[in-house]
Structures are given as C-alpha cells and as structure tokens.
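Using the hints provided, position chain B relative to the given structure of chain A.
Protein chains in written order, with our numbering: chain A, 1 to 224; chain B, 1 to 224.
To be clear, the hints were calculated from the coordinates, so they are not data collected in a lab. Errors might be hidden in some of the hints.
Since the list gives no way to pick out one identical chain from another, each pair is judged satisfied if it fits inside one copy or across any two copies.
To be verified - The calculated BS3-like cross-link candidates involving lysine-lysine, where the alpha carbons are at most 27 Å apart (straight line), are:
#  : residue 1 : residue 2
1  : Lys202    : Lys10
2  : Lys219    : Lys14
3  : Lys202    : Lys182
4  : Lys184    : Lys202
5  : Lys14     : Lys216
6  : Lys182    : Lys56
7  : Lys56     : Lys14
8  : Lys184    : Lys56
9  : Lys10     : Lys23
10 : Lys192    : Lys224
11 : Lys216    : Lys160
12 : Lys23     : Lys184
13 : Lys31     : Lys158
14 : Lys224    : Lys158
15 : Lys192    : Lys151
16 : Lys10     : Lys184
Keep in mind the model is a prediction, meaning the values are calculated, not measured.
There are 2 protein chains.
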Amino acid sequence: MSKKVEVGQKILIKNEEYALENKRGLAEQKKLCLNMISSPGSGKTTILARTITDLKGRVRIGVIEGDIRTDIDAQRIRATDAPAVQINTEGACHLSAAQVSDALADLPVAELDIVIIENVGNLVCPSAFELGESGKIVVLSVAEGDDKPAKYPSIFAKSKVLLINKVDLMEAVGQVDFDVEKVKADARRLNKEIEIFAISAKTGEGMAQWCDWLEKSVKEVRNK
Amino acid sequence: MSKKVEVGQKILIKNEEYALENKRGLAEQKKLCLNMISSPGSGKTTILARTITDLKGRVRIGVIEGDIRTDIDAQRIRATDAPAVQINTEGACHLSAAQVSDALADLPVAELDIVIIENVGNLVCPSAFELGESGKIVVLSVAEGDDKPAKYPSIFAKSKVLLINKVDLMEAVGQVDFDVEKVKADARRLNKEIEIFAISAKTGEGMAQWCDWLEKSVKEVRNK
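Only chain A is shown next, with the shape it has when bound in the complex:
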C-alpha cells in the first residue's frame, strides 16, 4: 500500500470513529440528525430557516452551520429563534465528525427533536465523510441543471432525501430549462429508496410535504 493511500485511510478511519461516537450519542437521546449537502448557493440556509418557521410548535430544530468563512448562515438561523452553532473550516472543503462532535456539545441537544448539519457548499467531498447523521439530504437547485445526478452520482446514491429547490424559477416560461422527471428518474436509478420533494423555499411550494416527512421521521426515531 502506498504511503498516500495509507495516510488517507487513517484520516478516514479516525473520522469514522468520531462519527460512530456522534451517532451513538444521538441515538441514545433518540434525536434525528440530518447532514445537508449541496453545491454553493442551492438554498440550504433558506430552506432551513423556512422549515424551522413552518414547523414551529411541532418540531424543535437546532442547526450546525459549516462554512469555510463567515457566520452569515448561523446568524440567519438564529433570526428564526432556533439555536445554531457555526463551524468555520478555514479552507477545508467539508466538515469532519470531530468538528461536529465539538459543535454538538455547544447545542442544547436535549431540548431538540432534530439536529440538522448544513455542510460546506460542495457537491463532491462532503459525501465521503460520515458525521454521525441518521441520513443525508442532498439539495439541487433547478438553476444548476438537470444533469447533476449523472455527473455527481455519489451524493445522490447515498442520500435519504433529495430536495429539488427553487422550482419557482421554472414558472416564468423558458426561464430555466430543468426536467424534474428526468432528475427523479436519474436519482432513483442510483438510489431506489430516495425520497424526493420538489420545493421552493422562497414561495413555500412543496414545503408542507417536506415538513410532514420530517415530523414523521422524528416520531419514528422517538419510537425506536
């Protein structure tokens, strides 16, 4: 085995150990934990802020925000009154399970139903690093084009949910060419079990179905 592969594997194994520890702790407390992954600018933070507001009184959500720099996103989440912890990776292209372990210690987990981790905007690297989540959510904005499951298959193959966001951009005729049915078929070819919701976090379209799925998933974790 080359030195490069050996060291790469050691980093992954160390990450896996932290991820298992996070997972065990969250499972003991019967908390749902979701790892949200997408390209930059697909609308992850807008989706989270709207989801928190729409589920107020039904589901309590806390957020771990991953960004290379700035705490813009944590501020946007806190404006909804939900707790948020910001991690700055200072250049790194994904969150690690060790960073999430530290962030979990700073969140009032006992008072929450769901912890959502918003990963660094990157459709490639975060899919290789487990953080201790119950499942991954991949977000694809219609502005990114409908060839993304074919071109970036790993994250679509590994995700529990696909959120197709910004569907309002398709409404102005000819504004954005995006074939929702093609994306659904391509994603299901990679991942038979994937749940798919077409939403607009801006207009609210489709948000009710997504929120119902979250509430149902919280109950399933609680009754385990």
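What follows is chain B alone, placed relative to chain A:
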C-alpha cells in the same frame, strides 16, 4: 512535521512540477491557457460553447473537460466543431496537472489560440491545484447568491476574471435577488486586479465584452 502534512505537501509538490512543465510548454508555443472554476451548474459549458461560436473566425479555442463522470460536456463542446478532450476523475474533486498534461497531448494545441480547462464543478478544492494555466476564471451564477465571494474567498482572490453568469434570471422582477455591485465590491476587496464581466450565456448579454477581452489576451500572449 506530521506525517499527514508531509504527504499532503509531497502531493502538492508533485502537482506543481507537472503544472510548471505544462506552463512552460504552453508559453513556448505562445498559447493562452485558462482554468475555469465554479460550483456545479453555474453554466461553464454553456459559456464555453457560446464563446467558441461567438469567436469563430477570430480565435481558435480547444477545451479540456473535467468531470467526475460522463462525457456530456465534451460532447456539447464538440457540437460547436471545437476540439475537446474529456477527463473523468472518477470521484476526485479537482483536476490534477498530470491529467492536464495527458489531455494536452491529445489536443491539436499548435492549431489553437486558447486552451480552456473546465475544472470539476467545485468552488473549493480546484483553487488549490495549479494546472499550468496563464490564469483562472471563476464563474458565479446569480442564482447562487451574492454572498459567495465572502464565503469562498480563495478562488475569488486567485482569479484573473470573474464571470457573473445568468444575469437574465434577474430580469424577471423579484425572480432572483442578487446585488451585482456588492459582488463586484467584495471580489475587488479580495483581488484588486480582477476583471469582471456580467453575462448571460443564454441571451448573449455581455458576451461581446468578454470575447473582446479574450481576443486581446490572445494578442498579448502572442506578442510576448
């Protein structure tokens, strides 16, 4: 120095050697080489196809396409009659200079004025790997939001040109909130010299200025 850092540096140094070799070869032949970097779905391939068509008879362009999987993008470039070589990274999140070295051997470089390398869709990792280019082009679609220079500063700091794409999406009032002047100011704070063009590869808006810049840059390289 830890083993991890040491091996990481060796990979970067090896890449740097290939990059220097590519750069030297292209400079000897007086060819402009640009490394195009962006999030997935910002419109890189659409920009390239339109640029090639708009510059027909003035500037000859060849393309190296980097994707994790599929040769969809190389096919789109070849449909314009320009030569294109597809690299599939099979999971890797950026192109390496060694891959570009192989691809250059498959392109008719002597017959071209510009080689454009379309990197893997990723706003983070590709900025750390030199490929031998004369300069980097960062593409930002207005659908991605105007906070991206602040959140992903490295690539904006290192690029010769910023293309703000899909400006047609701002025209339908209220469709996309994106403050072009804020992005320009944030990018120039990171990088005083950066050239900025606001374009729509779909409608053609702003393409003439970008194409003129390319033609002027080709002449500068030729007269060096």
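Now the hints, each set against the structure:
no.	hint	result
1	Lys202 - Lys10	neither (42 Å within a copy, 46 Å between copies)
2	Lys219 - Lys14	neither (32 Å within a copy, 52 Å between copies)
3	Lys202 - Lys182	both (23 Å within a copy, 21 Å between copies)
4	Lys184 - Lys202	both (21 Å within a copy, 25 Å between copies)
5	Lys14 - Lys216	neither (33 Å within a copy, 51 Å between copies)
6	Lys182 - Lys56	neither (34 Å within a copy, 33 Å between copies)
7	Lys56 - Lys14	neither (37 Å within a copy, 53 Å between copies)
8	Lys184 - Lys56	neither (30 Å within a copy, 38 Å between copies)
9	Lys10 - Lys23	within (20 Å within a copy, 34 Å between copies)
10	Lys192 - Lys224	within (24 Å within a copy, 57 Å between copies)
11	Lys216 - Lys160	within (14 Å within a copy, 49 Å between copies)
12	Lys23 - Lys184	neither (29 Å within a copy, 42 Å between copies)
13	Lys31 - Lys158	within (20 Å within a copy, 42 Å between copies)
14	Lys224 - Lys158	within (22 Å within a copy, 50 Å between copies)
15	Lys192 - Lys151	within (18 Å within a copy, 34 Å between copies)
16	Lys10 - Lys184	neither (36 Å within a copy, 42 Å between copies)
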